[in-house]
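Here is what each chain is made of, one letter per residue.
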Amino acid sequence: MRSATPWPDVLSFLVEATGETLYMVGVSTLIATAFGVPLGVWLQLTAKGGLRPNAALHRVLGFITDLGRSMPFIVLLVALTSVTRLIVGGSIGSTAVIVPLAVGAIPFVGRLVQNILSEVHVTVVEAAVTTGASTLRIVRSVLIRESLPALINAIGVTVIALIGYSAMAGVIGGGGLGDLAIREGYQRFNDRVLWSTVAWLAVLTTLIQLGFTRAARASDRRRHASV
Amino acid sequence: MITVENLTKSFQGVNALNGVTLDVEAGTVLGVVGPSGAGKSTLARCVALLERPDSGAIRVDGTDITALDGSALRAARRQIGVVPQGDSLLRQRTAAGNIALPLESAGVPGPQRRTRVGELLDLVGLTDKAAAYPDQLSGGQRQRIAVARALAANPSVLLADEPTSALDPETTGSVLTVLDRARAELGVTVLVVTHDMGVVRKICDDVAVLEQGRVVEHGKVLDLVSDAGSRTSGALLPAVDLNPINESSYDRVADVVLVGFAAVGALLPEASHRFGVELNIVGGGLTRLGETPVARFRLGLNGERSDSALEWISEAGGAVQRSLKGPQGVAA
Numbered sequence: 173m174r175s176a177t178p179w180p181d182v183l184s185f186l187v188e189a190t191g192e193t194l195y196m197v198g199v200s201t202l203i204a205t206a207f208g209v210p211l212g213v214w215l216q217l218t219a220k221g222g223l224r225p226n227a228a229l230h231r232v233l234g235f236i237t238d239l240g241r242s243m244p245f246i247v248l249l250v251a252l253t254s255v256t257r258l259i260v261g262g263s264i265g266s267t268a269v270i271v272p273l274a275v276g277a278i279p280f281v282g283r284l285v286q287n288i289l290s291e292v293h294v295t296v297v298e299a300a301v302t303t304g305a306s307t308l309r310i311v312r313s314v315l316i317r318e319s320l321p322a323l324i325n326a327i328g329v330t331v332i333a334l335i336g337y338s339a340m341a342g343v344i345g346g347g348g349l350g351d352l353a354i355r356e357g358y359q360r361f362n363d364r365v366l367w368s369t370v371a372w373l374a375v376l377t378t379l380i381q382l383g384f385t386r387a388a389r390a391s392d393r394r395r396h397a398s399v
Numbered sequence: 063m064i065t066v067e068n069l070t071k072s073f074q075g076v077n078a079l080n081g082v083t084l085d086v087e088a089g090t091v092l093g094v095v096g097p098s099g100a101g102k103s104t105l106a107r108c109v110a111l112l113e114r115p116d117s118g119a120i121r122v123d124g125t126d127i128t129a130l131d132g133s134a135l136r137a138a139r140r141q142i143g144v145v146p147q148g149d150s151l152l153r154q155r156t157a158a159g160n161i162a163l164p165l166e167s168a169g170v171p172g173p174q175r176r177t178r179v180g181e182l183l184d185l186v187g188l189t190d191k192a193a194a195y196p197d198q199l200s201g202g203q204r205q206r207i208a209v210a211r212a213l214a215a216n217p218s219v220l221l222a223d224e225p226t227s228a229l230d231p232e233t234t235g236s237v238l239t240v241l242d243r244a245r246a247e248l249g250v251t252v253l254v255v256t257h258d259m260g261v262v263r264k265i266c267d268d269v270a271v272l273e274q275g276r277v278v279e280h281g282k283v284l285d286l287v288s289d290a291g292s293r294t295s296g297a298l299l300p301a302v303d304l305n306p307i308n309e310s311s312y313d314r315v316a317d318v319v320l321v322g323f324a325a326v327g328a329l330l331p332e333a334s335h336r337f338g339v340e341l342n343i344v345g346g347g348l349t350r351l352g353e354t355p356v357a358r359f360r361l362g363l364n365g366e367r368s369d370s371a372l373e374w375i376s377e378a379g380g381a382v383q384r385s386l387k388g389p390q391g392v393a394a
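Quick note, the sequences are listed as chains A and B, same order.
Mapping of the first sequence onto my numbering: position 89 corresponds to residue 261, and the numbering continues sequentially without gaps.
Mapping of the second sequence onto my numbering: position 124 corresponds to residue 186, and the numbering continues sequentially without gaps.
Isolated chain A (complex conformation):
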């Protein structure tokens, strides 16, 4: 039995791994939002009863989306290696993990967004249609603005999910908190690192969740919020 890692070292492990995790998750969330929200809007617009119903297109989009969602992340991580190399010029490290994280999260965000937008009551949407508003304006001022609190919450859910996925980043040398817990803590029987990481992950995800919940509430103008 070797002696436990000194606390200052545990702390510096945690700081470094947290930086990696936040980098991977932050950038991939931005990318997933940038592509996933439009995907969700597109899915909702083409859906039956949407503003631009198109059954064929909707089915194709839905199929691709669900295909992406059904892929286990660990498979995506290795399967996308060549794509990753093409985009970021390498296939290992934190930056390389961002590609599969984002790719995995886009369909996830897309479905969440579609579900949320479909909750905007049809009367409200049609009322906007009768004002002569363009589809783009209705998407922006009605669909998205009316669901903003739920959308913010959905991004929060995505961030938490991506923190989970990013634990597998170690497979391609991405580092991060999950990797720290597995490689440094579990595989080297370093209980202090393992449990410190677990505790810190719990705190971190709680704080992030709290932040998104607060932001969602701040964006909500309904006084008797029912979400």
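These are computed hints drawn from the structure, not numbers from a lab.
Some hints here could point you the wrong way.
Stated by the list, open to error - Label-pair distances were calculated between CB atoms; the ranges are: (1) G201(B) x V260(A): 19 to 29 angstroms; (2) V329(A) x R121(B): 49 to 59 angstroms; (3) D126(B) x I380(A): 54 to 64 angstroms; (4) R394(A) x G124(B): 36 to 46 angstroms; (5) S306(A) x S103(B): 20 to 30 angstroms; (6) G99(B) x V250(A): 51 to 61 angstroms; (7) P173(B) x S184(A): 56 to 66 angstroms; (8) R389(A) x K282(B): 47 to 57 angstroms; (9) R176(B) x L308(A): 19 to 29 angstroms; (10) V247(A) x G201(B): 19 to 29 angstroms.
Yeah, the Cβ is synthetic: ideal placement off N, Cα and C, and Gly gets one too.
With chain A fixed as given, assemble chain B onto it according to the hints.
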């Protein structure tokens, strides 16, 4: 101002509209009434340009608006202000923000937008609620904001689809008052689709009765009530035969409809006086259609010249609907 010509629309083989033709004069209020499933909602959705009819035309100022697309369609939609059925306000926007929506769609710049929103809040009597969110407003207030929104872009036609269906009687009154003001102060032509004859009673100049996708009755409310067989008179006038009367005590028994202050107040006493007959009101009552008092009375007459008296009432503008008792009946 707005005409609907031979409109048909079917859903999966079921005909919702079966050749509907309507005409609303500029600055008047038409009520479209009918039982559930008569096609009222479909008609409203077609006029709101949310549904395309299978055939027929909807003309605003003579132009058919049913076949438009793209920006022409959006421009046509701004011609027709719509108060949709049910809660339709954006819950994340203030009352003022909701009213501004059509103005944003029309590209009206900010300062003018605010002025216009102020005018509309004033019209619907909710100036103090400008910054309130829909959840802070009552059902009637929300509906008045919806009316203000529908009027924001200066439409020539206002379409209200069951504007009072979810409201209690008192609140209904406030919403109808606002619709009436819109017509009176803005000169907008109003088409209101409703199952509630109370709406027709309070604000409609004209009425169209829809049944199974067809217009079965269409005309001025005050003309139709004088027509004994019309659905409108049946629905709007006081019932006459609530109390069974002893018909044998009268020489003649007849129902008469009187429209307007002068007729209601003076016609019967004068007939009695002129012809020296005893004239009793044995049933019916008085109501008000808009501002106009309208009476339907069951009369019991005694005297030799009873038939002449009824004839005179009829000539003087009272609609004598039927002679319940008498040798040959008196023509109305």
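Outcome of the hint check:
1. G201(B) x V260(A): 19 to 29 angstroms: For G201(B) and V260(A) the Cβ distance comes to about 56 angstroms; the hint is violated.
2. V329(A) x R121(B): 49 to 59 angstroms: holds, 51 angstroms
3. D126(B) x I380(A): 54 to 64 angstroms: For D126(B) and I380(A) the Cβ distance comes to about 57 angstroms; the hint holds.
4. R394(A) x G124(B): 36 to 46 angstroms: holds, 44 angstroms
5. S306(A) x S103(B): 20 to 30 angstroms: holds, 26 angstroms
6. G99(B) x V250(A): 51 to 61 angstroms: The hinted range 51 to 61 angstroms holds for G99(B) and V250(A), with Cβ atoms some 60 angstroms apart.
7. P173(B) x S184(A): 56 to 66 angstroms: Because 58 angstroms falls inside the window, the suggested range holds.
8. R389(A) x K282(B): 47 to 57 angstroms: For R389(A) and K282(B) the Cβ distance comes to about 55 angstroms; the hint holds.
9. R176(B) x L308(A): 19 to 29 angstroms: holds, 23 angstroms
10. V247(A) x G201(B): 19 to 29 angstroms: Violated, since V247(A) and G201(B) (Cβ atoms, about 53 angstroms apart) do not stay within the stated range.
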